[in-house]
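A.B. asks: Spelled out, the chains give:
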Amino acid sequence: MRRKGYRYLISIVVLFVGVHLVQVQIDYRKKIENLESNLLLMPGQIAGSLVLGGFKGLAADLLWLNMEEYWHKGQHYKILPLLEAIAWLQPSYILVWTVGGWHMAYNIYAEVKTPEEKQYWYQQGIEFLKKGLAYPFNANKYDIYFELGWTYYHKGKDYPNAVKYLEKAVKYPHPEYVDDVLAHAYEKNGQIDKAIKQWEFVRDNYVSFFDIATRMIHDLKTKGKATP
Amino acid sequence: MKKMWTIAVNTFRESMRKKTLYIILIFALIVIGASKLFSFLTAEEELKMIKDVSFSAIEFFGALIAIFASITAISTEIERRTIYTLLTKPIRRSDFVLGKFFGVSLIIFVNFILTTLFFIGLLLFKKSIPDIEVFKTLLLIFFELILIGGITLALGTFTTDAFNIICSFFLYIVGHLTSYGKEMIERTENIVVAGLADMLYTLVPNYENFNIRDKIVVGISVSWGYVGYTILYGILYTCIVLLIALYFFQKREI
Amino acid sequence: MAIIQTDKLTKHYVLGRKKFVVGLENVDLEINEGEIFGILGPNGSGKTTCLKLLLGILFPTSGEARIMGRLPDDIEMKQYVGFLPENPYYYDYLNGPELLLFYARLFSIRPDVAKKRIDELLELVELNNARRLTLRHYSKGMLERIGLAASLINDPKILILDEPTTGLDPIGCRDTRNLLIKLKQQGKTILLSSHFLSEVERVCERIAIFHRGHLLATGTLDALNKQYQAENLEDLFVKTIYAFDNQEAVKTGEPK
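Residue numbers (our numbering), protein chains in the order written: chain A, 1 to 228; chain B, 1001 to 1254; chain C, 2001 to 2256.
Note that these hints are calculated values from the structure, not bench results. From the three backbone atoms N, C-alpha and C, an ideal C-beta is built for every residue, glycine too. Among the hints, a few may not be true.
Said to hold, decoys possible - Calculated Cβ distances over 10 Å to all of chain A for the following chain B residues: (1) L1037; (2) L1041; (3) D1052; (4) K1127; (5) F1163; (6) E1189; (7) G1195; (8) G1219; (9) L1232; (10) Y1247; (11) K1251.
Claimed, not checked - A few chain A residues that face chain B, going by a derived Cβ cut-off under 10 Å, partial list only: (12) L15; (13) Q25; (14) I26; (15) W64; (16) L65; (17) H76; (18) Q123; (19) K141; (20) E167.
Chain A on its own, in the form it takes in the complex (with noise of 0.2 Å):
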């Protein structure tokens, strides 16, 4: 019985091998799978995420919740440590970046006095969403291209920008709206021909936008303006 010991020890290190390779397909998997945590960016943080172990989601969810509380109590500025510490724990939660964004181009942006400082918040949601962009499994979905594209449209009235984002939301499955928007973006744009050719897409595939795509394309055939 005790002289069997040998055999064990072959065993374990045959099935050690095999865990390995094992391991090594669950890293490709996790590479192609986006299923990587991006978290290994600031040394300092190690520590931080040492205490978390595996429950980063449960943290940012509390982060979360202290961030709703200082949203009803209007203390906006306090929101922003909360969203940077929420966008590191799970950066693939892509409330984080839509909301932080638009809490910066709007909320602020509405609370603050010069048109300097206006200017400057409207730029930090820009960037901020940018920033949401540059994680691979946010750059397939439509989330943040269409927040960063109704941004620039609504807000910077930047058309230019605007069109290049939205036109990339669309390529993602979205909702109804974002076409919308699109073609208003393509008129104030002076893409006139395209926001027709994407009128005629809204009134041909969602039947609630039928009856204002249908004026809208009138209007821009007869009169080239149709967006108030």
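Using the hints provided, position chains B and C relative to the given structure of chain A.
C.D. replies: Positioned in the frame of chain A, the structure of chains B and C alone reads:
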């Protein structure tokens, strides 16, 4: 085979008579409490948080149960000397160890099923039908718990309880940090150091493999290929720790 | 041919490099089929170590132990052996019949056979009226009795009992003694260890005296009394142990 099962069932029954079920109760309270807490959020945010909290709770309390059930499995038998009455019966020592392992697995399984049912019930109550990705997450958590139990059981064959608890929790944390290790290895330029680190990376149980919940809750889907390989990983690693347990228990004097 | 046999059985408990404690040193024992054999000795003399080595709970440093000609890790041999550990303690959430059924399963006894056997044994150890009581509520004597029943569940050919009468009151002791004699009449071989001399004196045909891991003397009580010019077992016990200690003191030169 039958004797192994007898020991497994006895291990299970014993833990059911103890306080194991209270842990499930705590789990339920936390999840219910959490869901009340989140009700002011939008539905999408709320669901994400319920899933986060539930997955984390299923794993964390599952890990607690796995570790404590495994620790008591062998050491209580030794402490109160009932092990003498077992090993003097016509059962192999390997039957005893494997019986204990399956008993612990049964405890983990029942606890896992109860907490999972609770979680799914809550999702349905919130009018969200759990999709296949949720089940993938749960499946991987289950295999992780079995591995955690196996590792603690194996440690228990040659260490003291106190050391075992420390070791098990240490491995639990380190095993969740493996992805950082991996990145460090990729950045290391010294071949010898990288080789050694790579070996260590293989030796440490890679619990992070099983952790797809952070991705699932935000809507990233995971392929069956990944799930399959990770389950294979769990089974292989569990076999290793069982062999280690058998090796040490065969030699153990009580 | 002896049914239980040890050959230069030695057990050292290793404490560190080149440091060890003698648990058992070169013990040759032979126990014949059908006899009641008593191992005697003060606490820490190696009685329990010897039994554990026989049953494969401990592994010998050198030498070997055999039961029915087989080594302790032989699974089949254990089918014929019953064992009662010292101060037995059991799964206290079970009741008597459940406990016995659990052990019956480990012997692969058929359920119907086991059921009959459990009834007989509970009758034998007089726990039949406490069938529903969980072991948590047992008294020490009841635990000792259910332990004895558990060790008999497989109808063993060989019964090994470690201190079977500690914790029993005089009546319990007498009952156990009578039971052992009855079992011997059924043809069972009984090996028991004890430090209760009077107990051993009354039931054992042959005895072995252990001290500090050494086997000092073995044989029938009469023969040993004659050999050591002792009047009774107590006298014999003291004489052999003193003789050994003096001898050791001379050897190592330590004053006694």
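A.B. asks: Run every hint past the structure and note whether it holds.
C.D. replies: Okay, the hints, checked on the actual structure:
1. L1037: Answer for L1037/B: violated, closest chain A Cβ roughly 7 Å.
2. L1041: 7 Å, violated
3. D1052: The claim is violated: D1052/B sits with its nearest Cβ about 4 Å from chain A, within 10 Å.
4. K1127: 20 Å, holds
5. F1163: Holds, because the least Cβ-Cβ distance between F1163/B and chain A comes to about 20 Å, which exceeds 10 Å.
6. E1189: 17 Å, holds
7. G1195: At about 12 Å from chain A, G1195/B clears the 10 Å cut-off, so the statement holds.
8. G1219: 8 Å, violated
9. L1232: 5 Å, violated
10. Y1247: 4 Å, violated
11. K1251: 6 Å, violated
12. L15: 5 Å, holds
13. Q25: With Cβ-Cβ at 5 Å, under 10 Å, it holds.
14. I26: Cβ of I26/A sits 5 Å from chain B, so the hint holds.
15. W64: Holds, about 7 Å.
16. L65: The hint holds - L65/A has a Cβ within 10 Å of chain B, the shortest such distance being about 7 Å.
17. H76: It is violated, given that the least Cβ distance between H76/A and chain B is near 18 Å, above 10 Å.
18. Q123: With a minimum Cβ separation of about 27 Å from chain B (threshold 10 Å), the hint on Q123/A is violated.
19. K141: Since chain B brings a Cβ to about 8 Å from K141/A, closer than 10 Å, the hint holds.
20. E167: Hint on E167/A: violated, closest Cβ of chain B at ~23 Å, above 10 Å.
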